[in-house]
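Undergrad: As you go down the protein sequences, you meet chains A and B in turn.
Numbering follows numbering that gives the first Met the number 0, with no gaps: position 130 of the first sequence is 129.
Numbering follows numbering that gives the first Met the number 0, with no gaps: position 274 of the second sequence is 273.
Check before you lean on any hint, since a few could be wrong.
What the hints assert, rightly or not - Straight-line Cα separation of at most 25 Å, PhoX-like style, residue types lysine-lysine; simulated pairs: (1) B:115 / A:69; (2) A:79 / A:52; (3) B:79 / B:52; (4) A:52 / B:69.
Claimed, not checked - Pairwise CB distance ranges, derived in the manner of DEER restraints: (5) A:154 / B:241: 48 to 58 Å; (6) A:116 / B:114: 26 to 36 Å; (7) B:165 / A:146: 24 to 34 Å; (8) A:217 / B:192: 43 to 53 Å; (9) B:230 / A:236: 55 to 65 Å; (10) B:230 / A:206: 47 to 57 Å; (11) A:165 / B:267: 51 to 61 Å; (12) B:216 / A:181: 34 to 44 Å; (13) B:166 / A:13: 39 to 49 Å; (14) A:181 / B:166: 27 to 37 Å; (15) B:258 / A:257: 56 to 66 Å; (16) A:217 / B:56: 41 to 51 Å.
For the record, the hints were derived by calculation from the structure and aren't laboratory data.
Cβ coordinates follow ideal geometry from the N, Cα and C atoms, glycine included.
2 protein chains.
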Amino acid sequence: MCQLLALNCAEPTDVSFSLRGFAARGGLTDHHVDGWGVAFYEERACRVFVDEKPACQSPVADYLTRHPIKSRNVVAHIRKATQGGARVENCHPFMRELRGQQWVFAHNGDLRPLDKPEAGPYEPVGTTDSEAAFCFIMNRLHAHFLTNADVDDLDAVFEVIQQATRVLNPFGIFNFVLSNGVAQYAFCSTRLSYVIRHWPFSSARLVDGDLSVDFSERGTPADRTAVIATTPLTDEVWTACQPGDLLMFRGGALVHRAHVAVPAHVLASSRYALSEQSALAA
Amino acid sequence: MCQLLALNCAEPTDVSFSLRGFAARGGLTDHHVDGWGVAFYEERACRVFVDEKPACQSPVADYLTRHPIKSRNVVAHIRKATQGGARVENCHPFMRELRGQQWVFAHNGDLRPLDKPEAGPYEPVGTTDSEAAFCFIMNRLHAHFLTNADVDDLDAVFEVIQQATRVLNPFGIFNFVLSNGVAQYAFCSTRLSYVIRHWPFSSARLVDGDLSVDFSERGTPADRTAVIATTPLTDEVWTACQPGDLLMFRGGALVHRAHVAVPAHVLASSRYALSEQSALAA
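With the hints as constraints, model all of the structure from the sequences given.
TA: In structure tokens form, the structure reads like this:
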């Protein structure tokens with residue numbers, strides 16, 4: 000299984016602390032070795048860096064540590080291939096343009112093939128279940144916003160994502176993060192946590208590396224950051240999402256929540272996957 | 000004005016020699032200082048690196064020199080802003096997915112605003128004339144291949160690009176390169192050159208830097224590379240395209256050519272731009 004990381008910040012933020020702990024999971028402190036990727040929004044632009052090498056050995060990861068990009072929205076992913084080979088086109092996050100906005104998506108889980116793809120302009124380039132699911136959501140958004148100019152209506156976007164998630168949910172484990180550069184949408188199918196950092200800040204220590212940061216030395220009252228990850232990255236107090244939680248973060252805050260029921264067979268397969276993982280780690 | 004570089008190779012090729020000479024034009028040997036970008040295809044995947052810094056100072060360019068990517072198709076661009084600020088979203092090349100393929104585009108020239116954008120799913124993220132023209136072409140391709148599954152028919156793609164170019168041509172100077180990862184399409188509105196390297200190879204010296212490479216030490220009979228650029232990069236014998244030349248390269252060879260007449264007012268504005276440039280350089 001893969002690991003997800005997303006950040007949604009009120010102000011452009013150097014996220015290299017979180018990225019460093021996260022990258023360590025790509026082969027160093029965990030077994031997610033089939034590539035990784037990260038997308039940084041810089042206002043309307045989105046830069047995507049992907050690498051089919053493990054994140055802990057990746058020269059791109061090293062480059063980003065030395066040349067941090069300040070961003071309000073970041074989506075990162077470390078891959079343990081379940082479907083699709085360790086090739087660049089199968090590395091998350093995936094990006095597509097819709098109505099003049101860049102959208103990025105990363106998935107943790109395993110979906111069986113969709114009955115039929117949603118009609119529309121978006122088609123997968125690679126062979127993953129994840130990119131197929133992303134294209135399904137994007138085609139739904141395209142159909143909705145074709146006749147409705149206001150793609151900036153984040154609640155309307157939330158609504159479409161919620162409907163698409165309801166369709167895709169029975170196909171398997173479907174934890175995901177999706178951003179349009181303003182909001183972060185996150186769905187907990189089986190496992191996802193988040194923490195909100197805000198003023199007055201305290202310090203945090205990475206779970207996956209001997210590194211602490213005292214955010215109180217840097218943060219201002221205007222700063223606020225939501226960090227969303229498969230499992231907590233730091234020793235801060237994280238909130239574990241419940242299966243079925245669909246969340247929207249904006250300006251570093253949780254601003255909307257809905258529930259999309261996760262079928263029992265998916266939760267059961269997840270428990271099997273988790274116990275298998277524990278056995279591997281043991 | 001900007002500078003274009005594209006490569007189309009029979010085999011995955013390390014293009015850092017050409018890229019090095021090209022990057023020198025981004026502020027070192029020439030005045031193209033408003034950002035740069037390069038797209039590398041790796042089979043179906045395409046990795047785009049853009050930077051709003053001058054290429055000659057860019058840490059991304061430095062990174063790519065130290066970690067060369069082998070590719071069959073490369074599109075690079077150095078920007079001297081004419082329309083749209085020096086922002087990441089305005090850096091070429093631009094990328095969009097169509098029918099499960101990544102398409103990239105870079106433009107050298109200056110277009111006045113289109114009368115109306117072509118209807119379709121592709122919309123610009125930034126504010127350049129170039130991205131608007133790219134979206135125009137992509138929407139034409141989308142409309143054509145919506146009902147025609149065979150987007151792998153490169154001649155059919157050529158036909159659509161030719162028609163779109165005929166529409167866009169009167170709006171100004173429109174030199175461009177466009178790739179779908181298999182072919183390179185290149186249009187000479189006012190200025191474009193190319194060279195084909197094939198076995199037995201000889202050596203080449205960069206025009207923009209004290210560097211020579213003896214390709215005969217590396218190349219095999221299977222290797223063949225077409226290099227397309229605004230102006231020749233090396234002391235090899237380059238072919239200067241004629242205004243109106245629309246070319247298709249595949250497997251490192253020129254495989255198709257058509258003519259799209261360039262209006263006299265565009266050629267006249269180009270002569271003005273060139274003389275202005277000479278005056279600046281003097």
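Undergrad: Now look at each hint and say whether the structure bears it out.
TA: Going down the list of hints, with the structure as the test:
| no. | hint | verdict |
| --- | --- | --- |
| 1 | B:115 / A:69 | violated (36 Å) |
| 2 | A:79 / A:52 | holds (11 Å) |
| 3 | B:79 / B:52 | holds (11 Å) |
| 4 | A:52 / B:69 | holds (15 Å) |
| 5 | A:154 / B:241: 48 to 58 Å | holds (55 Å) |
| 6 | A:116 / B:114: 26 to 36 Å | holds (35 Å) |
| 7 | B:165 / A:146: 24 to 34 Å | holds (31 Å) |
| 8 | A:217 / B:192: 43 to 53 Å | holds (51 Å) |
| 9 | B:230 / A:236: 55 to 65 Å | holds (60 Å) |
| 10 | B:230 / A:206: 47 to 57 Å | holds (54 Å) |
| 11 | A:165 / B:267: 51 to 61 Å | holds (59 Å) |
| 12 | B:216 / A:181: 34 to 44 Å | violated (52 Å) |
| 13 | B:166 / A:13: 39 to 49 Å | holds (45 Å) |
| 14 | A:181 / B:166: 27 to 37 Å | holds (34 Å) |
| 15 | B:258 / A:257: 56 to 66 Å | holds (57 Å) |
| 16 | A:217 / B:56: 41 to 51 Å | violated (27 Å) |
Comparing the model with each numbered hint stated earlier shows that hints 1, 12, 16 do not hold.
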